[in-house]
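A.B. asks: Residue numbers (my numbering), protein chains in the order written: chain U, 3 to 390; chain X, 37 to 299; chain L, 2 to 416.
Some clues are possibly wrong.
[Unchecked claim] Covered stretches of chain L (chain U as the covering partner; in silico rule of three or more C-beta atoms under 8 Å from a C-beta of chain U):
1. 10 to 24
2. 129 to 140
3. 175 to 188
None of these hints come from the bench; they were simulated from the model. Here the structure is a predicted model, which is why all the values come from computation and not from measurement. Quick reminder that beta carbons are idealized off the backbone N, C-alpha and C, glycines included.
Residue strings, one per chain:
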Amino acid sequence: MATPMGYDGVVLAVPVTVPYTRYSPESAQWWLGRALAGLAAGAGVPHPAFDGLSVASFSMAPDSAIGLTQHFGLSPRFVDFVPLGGVAGMVAVRRAARAVQAGDADMVACIAADTNAPQSFRQSLENFSRFSQDAVYPYGAGGPNVSFALIAQAYMEASGLSRAHCGKIAVAQRDNALKNPHALMKKPLSLDDYLGSRPIAPPIHLFDCVLPCAGAEAFLILREETARAQGLPFVRLTAAIERHNAFPADPVMLRGGWARDIDTLWSMAGIGPDAIDLVQTYDDYPFISAMQFEDLGLCPKGGLAEFIAGHDFTVTGSLPHNTSGGQLSSGQAGCAGGHLGIVEAIRQLTGAAGPRQVAGARRALVSGFGMINFDRGLGSGAMVLEAA
Amino acid sequence: MTDVLQMLSGALASGAVRVVDLTHTLTEDFPTIVVPPEFAPSAPVRIERISRYDAAGPAWYWNNLSFGEHTGTHFDAPAHWFTGRDQPRGTVDTLPPEHMIAPVCVIDCSAESARDDDFLLTRAALDAWENAHGRIPAGAWVLMRTDWSQRKGAAFANLRADGAHTPGPDAEAIHWLVHERGILGFGTETIGTDAGQCDHFDPPFPAHHYLHGAGRYGLQCLTNLHLLPPKGALVMAAPLKVHAGSGSPLRVLALVPEQGEKP
Amino acid sequence: MTPRRPRKNPLRRTRQPLLPPAACSRKAHLLTAAAAEGRFALPRCGACGAYAWPMPEACPNCLSIDITAADAPSGAVLMSETRAEVPADPYFRERAPWRVGLVQMDAGPMALVHLHPAPVPRDRLRLTLMLDRAGQAVLYAGPENGGDMTIDRQWQEMVADPRGRRVLITDARHVAALPLAHKLAAAGAAEIFMGLPEDWKPLENRAEFAAVPGLRFVALDLSSDRSVEDLARAIGGKVEILINTADHPRPGGLSAPAAATHARMAMEVVAFGLMRLARVFGPVLAGRGADGDENAPGAVAWVNVLSVFARATAPEMAGYCAAHAAALSVSHSLRAQLAGGGVRLMTVLTAPTEDAWFQLAPQPKVTGKALAGAVVDGLMRGLEEVVAGDVARDLLARLADNPKAVERDLSQGKL
Numbered sequence: 003m004a005t006p007m008g009y010d011g012v013v014l015a016v017p018v019t020v021p022y023t024r025y026s027p028e029s030a031q032w033w034l035g036r037a038l039a040g041l042a043a044g045a046g047v048p049h050p051a052f053d054g055l056s057v058a059s060f061s062m063a064p065d066s067a068i069g070l071t072q073h074f075g076l077s078p079r080f081v082d083f084v085p086l087g088g089v090a091g092m093v094a095v096r097r098a099a100r101a102v103q104a105g106d107a108d109m110v111a112c113i114a115a116d117t118n119a120p121q122s123f124r125q126s127l128e129n130f131s132r133f134s135q136d137a138v139y140p141y142g143a144g145g146p147n148v149s150f151a152l153i154a155q156a157y158m159e160a161s162g163l164s165r166a167h168c169g170k171i172a173v174a175q176r177d178n179a180l181k182n183p184h185a186l187m188k189k190p191l192s193l194d195d196y197l198g199s200r201p202i203a204p205p206i207h208l209f210d211c212v213l214p215c216a217g218a219e220a221f222l223i224l225r226e227e228t229a230r231a232q233g234l235p236f237v238r239l240t241a242a243i244e245r246h247n248a249f250p251a252d253p254v255m256l257r258g259g260w261a262r263d264i265d266t267l268w269s270m271a272g273i274g275p276d277a278i279d280l281v282q283t284y285d286d287y288p289f290i291s292a293m294q295f296e297d298l299g300l301c302p303k304g305g306l307a308e309f310i311a312g313h314d315f316t317v318t319g320s321l322p323h324n325t326s327g328g329q330l331s332s333g334q335a336g337c338a339g340g341h342l343g344i345v346e347a348i349r350q351l352t353g354a355a356g357p358r359q360v361a362g363a364r365r366a367l368v369s370g371f372g373m374i375n376f377d378r379g380l381g382s383g384a385m386v387l388e389a390a
Numbered sequence: 037m038t039d040v041l042q043m044l045s046g047a048l049a050s051g052a053v054r055v056v057d058l059t060h061t062l063t064e065d066f067p068t069i070v071v072p073p074e075f076a077p078s079a080p081v082r083i084e085r086i087s088r089y090d091a092a093g094p095a096w097y098w099n100n101l102s103f104g105e106h107t108g109t110h111f112d113a114p115a116h117w118f119t120g121r122d123q124p125r126g127t128v129d130t131l132p133p134e135h136m137i138a139p140v141c142v143i144d145c146s147a148e149s150a151r152d153d154d155f156l157l158t159r160a161a162l163d164a165w166e167n168a169h170g171r172i173p174a175g176a177w178v179l180m181r182t183d184w185s186q187r188k189g190a191a192f193a194n195l196r197a198d199g200a201h202t203p204g205p206d207a208e209a210i211h212w213l214v215h216e217r218g219i220l221g222f223g224t225e226t227i228g229t230d231a232g233q234c235d236h237f238d239p240p241f242p243a244h245h246y247l248h249g250a251g252r253y254g255l256q257c258l259t260n261l262h263l264l265p266p267k268g269a270l271v272m273a274a275p276l277k278v279h280a281g282s283g284s285p286l287r288v289l290a291l292v293p294e295q296g297e298k299p
Numbered sequence: 002m003t004p005r006r007p008r009k010n011p012l013r014r015t016r017q018p019l020l021p022p023a024a025c026s027r028k029a030h031l032l033t034a035a036a037a038e039g040r041f042a043l044p045r046c047g048a049c050g051a052y053a054w055p056m057p058e059a060c061p062n063c064l065s066i067d068i069t070a071a072d073a074p075s076g077a078v079l080m081s082e083t084r085a086e087v088p089a090d091p092y093f094r095e096r097a098p099w100r101v102g103l104v105q106m107d108a109g110p111m112a113l114v115h116l117h118p119a120p121v122p123r124d125r126l127r128l129t130l131m132l133d134r135a136g137q138a139v140l141y142a143g144p145e146n147g148g149d150m151t152i153d154r155q156w157q158e159m160v161a162d163p164r165g166r167r168v169l170i171t172d173a174r175h176v177a178a179l180p181l182a183h184k185l186a187a188a189g190a191a192e193i194f195m196g197l198p199e200d201w202k203p204l205e206n207r208a209e210f211a212a213v214p215g216l217r218f219v220a221l222d223l224s225s226d227r228s229v230e231d232l233a234r235a236i237g238g239k240v241e242i243l244i245n246t247a248d249h250p251r252p253g254g255l256s257a258p259a260a261a262t263h264a265r266m267a268m269e270v271v272a273f274g275l276m277r278l279a280r281v282f283g284p285v286l287a288g289r290g291a292d293g294d295e296n297a298p299g300a301v302a303w304v305n306v307l308s309v310f311a312r313a314t315a316p317e318m319a320g321y322c323a324a325h326a327a328a329l330s331v332s333h334s335l336r337a338q339l340a341g342g343g344v345r346l347m348t349v350l351t352a353p354t355e356d357a358w359f360q361l362a363p364q365p366k367v368t369g370k371a372l373a374g375a376v377v378d379g380l381m382r383g384l385e386e387v388v389a390g391d392v393a394r395d396l397l398a399r400l401a402d403n404p405k406a407v408e409r410d411l412s413q414g415k416l
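Input sequences plus hints: build the corresponding full structure.
C.D. replies: The following block contains the structure:
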């Protein structure tokens with residue numbers, strides 16, 4: 003496999019979060035529009051100046067991205083639609099980065115948004131995938147909880163990860179979320195709360211689960227010179243990987259696709275995991291974050307228990323992790339969950355994270371994971387961002 | 037002659053003449069004649085609703101009615117039996133209307149039939165009846181009272197492994213009634229003018245054989261025969277005018293003088 | 002005497018039927034067909050021989066589109082398990098917790114399965130392909146060495162176990178009626194209503210019927226609207242399994258002396274009779290698909306015992322074959338109607354039976370006992386399509402292979 007060309011000159015800027023709500027009567031298009039307006043305001047340009055549009059959403063049917071160009075008065079020369087859930091952010095960035103690097107576009111608005119009505123979670127489950135329709139929903143396993151419980155049971159047994167370890171991750175994220183005004187979860191969470199929460203599908207319990215909500219996340223991808231010309235604070239993209247259906251022969255998912263491309267990631271970034279100041283993992287469940295710690299090389303395979311015990315994951319800790327509170331405490335706004343970590347990393351690396359700012363943050367590792375099509379999450383990706 | 041009808045009207049109005057209904061209600065579960073299954077059976081009575089003030093007909097009630105010609109209280113025309121096939125006016129549509137009203141003699145065999153399911157009406161019994169009530173007039177109906185009509189369902193059909201066990205006339209008796217007394221027809225309370233075991237008689241089905249062979253009629257599944265005097269009543273039996281029909285369910289009415297009255 | 006079912010609390014609303022998710026790809030119905038017959042089959046590539054799961058449109062191994070539902074090894078190993086305590090789907094939410102497992106099949110692929118209470122991870126399993134309440138083919142995993150499936154309420158959701166249920170058999174005069182009553186009583190049926198058409202005609206083995214625990218006769222003549230409606234009025238709400246045995250077998254080709262009369266009667270009993278039953282019993286059964294509880298389970302199945310001649314015509318029984326073909330068609334409509342309540346419609350296609358009407362049919366014929374066994378076995382396994390008798394199986398296999406040859410054979414009187 004060829005070593006990919008670097009992302010030299012590609013930067014990310016203008017982190018936008020449209021504040022989440024548990025339920026919304028508005029459509030996904032409404033949320034996408036708010037995010038686009040936020041990008042224009044943040045960039046200080048009229049929105050038609052965006053000549054690239056990348057959209058991730060599950061709930062914007064019957065539209066696809068191209069319909070939005072007319073809807074929002076855009077005339078882009080690059081358009082992308084990535085309804086890929088938790089890995090959408092990684093995929094969107096890699097494609098947009100190459101487009102701006104090659105001059106196919108100057109400024110790509112990367113937006114992820116989903117709305118959420120009381121019935122929409124169930125409805126989106128019912129239409130998620132052909133394989134799920136045929137071989138998951140009929141088993142009472144609609145929604146990811148049961149499928150992840152089956153993975154979690156096997157993974158926790160194989161890795162020595164305990165519920166208390168998962169609890170430590172969740173509790174630290176809640177601690178971080180309390181410093182994030184956008185986070186939906188406002189009450190502190192103790193380890194006892196976590197351990198005592200009711201079973202959803204053992205070993206998955208209530209505080210292992212995200213709260214589905216409505217919301218949007220967005221940022222711009224552009225060349226460094228464009229950002230400088232606009233006077234925008236930016237972060238550099240130094241490495242990015244993605245991989246789908248990485249280990250089809252593994253009977254149960256005990257590792258993600260990161261494990262296959264980890265060397266590429268760190269060699270592109272030119273640093274090792276030790277040089278990272280903060281990590282944003284894809285946290286649909288704490289045990290999946292733990293899996294990323296292993297697969298991204300933050301801790302050695304088999305060393306999870308020790309690794310988790312040895313770290314403080316709050317914004318003031320030894321390894322600040324999911325500093326916005328992550329999806330577990332901010333909420334999961336559908337596809338926006340895959341962009342959440344990127345937006346938060348841009349804020350942290352541009353010093354815009356307010357009360358949850360990680361002091362001296364220079365390098366962030368962000369990862370994504372998504373699309374449990376049948377028995378495992380198919381998509382995985384990761385990127386390294388560096389402060390300017 | 038108008039006086040006769042006026043007198044009848046008056047007698048009906050005063051109750052000096054009563055109208056007795058000799059008919060069973062036509063129901064779906066009334067037993068019908070059973071033939072060996074290799075022969076074609078009669079269709080049962082079926083009453084299927086078309087509508088009853090409902091979505092199928094909001095303001096009206098009506099049914100579809102289907103049945104075999106020999107179901108319920110019914111009339112046998114001469115053409116019903118092979119011996120009557122060449123009789124002129126042998127089907128119900130060609131039946132002379134004047135035959136539809138006729139005097140009736142009632143032979144009470146109820147006590148004997150209560151004792152013996154296979155009771156047979158014999159020539160001797162007919163002689164005894166004539167000794168008591170006088171000669172059976174030509175052109176009269178002769179009805180065999182057995183009180184069988186008070187039985188229900190299985191007891192009425194009275195089927196056993198060797199067939200039905202029900203009373204009826206023996207061959208000699210029916211032959212005598214037809215040929216020596218010139219009766220209009222013979223009627224019973226059972227399913228059939230013949231006894232249940234008549235297939236063993238000579239000829240088989242003698243009532244059918246002789247009655248229809250001579251152009252006479254049958255009535256069966258009659259009821260209320262206990263309300264008739266041995267002699268002196270009139271029977272009105274008008275089958276449906278079914279094209280080339282061998283018989284039909286019908287309403288059978290009797291005009292009965294109050295006791296002591298002479299019409 | 003079997004203890005009567007506890008009386009229903011008249012103050013409680015009858016639980017309305019919900020169904021598990023019913024969406025299914027067209028291709029996956031290849032598995033539905035196998036499950037309906039109780040065959041274990043998995044998607045298999047005809048080109049490379051690899052098994053796949055879930056049903057693919059192209060083989061993930063070689064991209065061939067030659068995918069069939071093929072017989073497959075039914076063993077598996079349990080990799081992990083969980084209980085869905087709060088499923089999003091309303092059907093499962095109402096029945097939570099629901100145990101599922103992730104298994105590695107001996108055939109290769111991984112699968113999510115409905116899981117018996119006993120197995121723990123790394124245990125060997127035996128898989129069954131079953132129809133769930135929505136009529137979807139699903140995998141059920143039980144202990145490898147058998148074990149009692151009937152103790153599992155998840156299994157019970159997918160089968161039509163007569164235990165505790167009240168059964169209506171529509172015609173006592175069918176050769177299978179008495180053996181059915183015996184087998185159902187042995188299987189724990191709470192009550193057996195035995196339909197008796199024209200009860201003014203003798204029933205030879207009446208005493209033997211009367212000796213069956215929990216059996217009582219009810220007047221029922223499928224050729225009469227009134228009779229069927231009256232019975233539904235009396236016991237419609239008490240029937241959890243309906244087994245329609247009404248028949249009118251009479252030999253005779255199209256030109257036989259009594260052909261029209263017998264054909265009409267066969268139609269009245271077999272085809273129109275089924276429609277009459279469906280009209281009044283169908284909605285009640287469908288409405289009670291989720292009624293009751295484990296002690297007094299709700300409506301679950303409707304069985305139509307039909308002749309295999311519904312599928313292939315024996316010209317010497319022209320009217321009879323036509324009536325059964327019509328009834329098979331009605332049966333499909335009824336299946337759609339019952340589906341809303343999750344009530345299974347099972348069609349039993351039988352070979353000529355061992356009775357007077359099929360005296361001249363060649364052996365092997367199906368005894369009443371064997372036919373009853375096939376019906377009860379089908380109920381216990383939750384099947385939709387049952388074939389009783391080697392002659393019927395052979396005929397259907399030949400029909401699938403070469404329908405014209407079967408037509409010619411039957412026209413020459415060769416079964």
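A.B. asks: Against which earlier hints does the structure fall short, listed by number upward?
C.D. replies: Result: hint 3 breaks, nothing else.
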